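A.B. asks: Following the hints, put chain B in place on chain A, whose structure we already have.
Same order as they appear, the protein sequences are chains A and B.
Using our numbering, read the first sequence as starting at 1 and increasing by one per residue.
Using our numbering, read the second sequence as starting at 1 and increasing by one per residue.
None of these hints come from the bench; they were simulated from the model.
The model shown is predicted, which means the values in this text are computed figures rather than measured ones.
Glycine residues also receive a C-beta, built at the ideal position from the N, C-alpha and C atoms.
Treat the hints with care, as some may be off.
As the list claims (entries may be wrong) - Calculated cross-link-like contacts (lysine-lysine; reagent style DSBU-like; alpha-carbon spacing at most 30 Å): (1) 25/B <-> 94/A; (2) 121/B <-> 255/B; (3) 97/A <-> 207/B; (4) 255/B <-> 207/B.
Stated by the list, open to error - For the chain B half of the interface with chain A, some residues (derived, Cβ under 10 Å), not all of them: (5) 79; (6) 182; (7) 185; (8) 195.
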Amino acid sequence: MMNTMSSALSGWGLWIALVGACLGTYFCRAIGVLLSNSINQDSEIFRWLAAVTYAMVAALTVRLIVMPLGLMATVPLWIRILICVLAMGVMVSKSTKRLVPALLIGTLLMVGYGVIR
Amino acid sequence: MSSAEQPYIDPSEIALEGSAAERFKSPNDAFWTGIRDAAGAPAMVLFAGMVGFGAMGKTNGFDVWFTTFTSFFMFALPGQVVLLEMAITGSSVIAIALAVTLTSTRFITMTVTLFPQFHQKDRNRSLYASVHLLAMTAWAISMREFHAIETRHRLAYFVGLGLLCWLISIPGTILGFYLAGMVPPAVTLGLVFINPLFFLLTFTEVKPWINRIALILGCIFGPIFFFVDRDTSLLTSGLVAGTLAYFIDRQFLRKKAGVIG
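Chain A with its partners taken away, still in its complex shape:
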């Protein structure tokens, strides 16, 4: 299970993808500096971009939890979902910031499952 890069990008392609990803990320930061003098943050294009970003991160999260690769795929789906639901429960149980306890409980539950299986 440790090396699952069967259909993966490899060699130079992988590093070119990394360079492209780094440049793209820095480009967005630099564009922000350039525009910070002149643009209104409530403009339509930003609302659309924010929505696209959230949708993409949501799709990524669902993929990582429901259709994972490698080690996580050995955990039954219902266990993964159950732990997510429990951690979300901790998160919304109080209106205060609960990120650290919720993250800790979810992670420990996953470790706990790994120990007892």
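C.D. replies: Same frame as chain A, but now just chain B:
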């Protein structure tokens, strides 16, 4: 805001005008306060995310250089995870670069909201270097604290904050990478689970309805597009679900009173 957030309110906010001008004696003082403010819960969560990312790199067969380089040069967890996921499934270089760039567009909005708050004399070319330190953690803290900090000390404070967050992400990634190889599989399982769980938990803190709808639609379209074409599915589901959310907001929600657009 609410009393629930009381612990986060700095005492200096109470007599705003007077104390804001006096909060820091020098840029040096502001810089170190920034570092101190980052150390604690914000840095711990970020560090955990980076440890999880390092473990993810290891379990998927990437080498330690590649995994660490992404933390050093990208310093944007969602983009880094997208890069790994798409590289594993063998997506094309163009699709990867495009998808990662799209996840990073949030930095444009973050910069546009934060950087105009710096003092005029600080707003020069050097900001193109400082902006690399910008990520969700430093942005959220700065947005909260800046109104209680004198403008000429804001940049130093921000750099202290961002620098610590950036610097701990490198050892975090390396630690996660090597831990995943040494600890029992049960612990590795926990490490790999940190990031998806972290993303999921932060969704509950998203307030504007347009973004909430985008999140829900992304959860629905993600798996659908995954079965249509796995390699481009993040890109297509993001674009389709995001655009749909945008139009739903524009057509129906924005005109309603009481709904925050």
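A.B. asks: All hints, please: hold or fail.
C.D. replies: Right, here's what the structure says about each hint:
Pair hint residue 25/B plus residue 94/A does not hold up; C-alpha atoms about 38 Å apart against a cutoff of 30 Å. Pair hint residue 121/B plus residue 255/B does not hold up; C-alpha atoms about 41 Å apart against a cutoff of 30 Å. The straight-line distance between the Cα atoms of residue 97/A and residue 207/B is roughly 14 Å, inside the 30 Å bound, and the hint therefore holds. As the CA atoms of residue 255/B and residue 207/B are separated by approximately 17 Å, the hinted pair is consistent with the 30 Å bound.
Interface restraint check for residue 79/B: the shortest CB-CB distance to chain A comes to about 6 Å, inside 10 Å, so the restraint holds. Annotation: interface hint on residue 182/B violated; nearest CB of chain A at approximately 12 Å, more than 10 Å. The closest approach between the C-beta of residue 185/B and any C-beta of chain A is roughly 6 Å, which is under the 10 Å cut-off, so the hint is satisfied. For residue 195/B, the interface hint holds, the least distance from its beta-carbon to any beta-carbon of chain A being 7 Å, beneath 10 Å.
Comparing the model with each numbered hint stated earlier shows that hints 1, 2, 6 do not hold.
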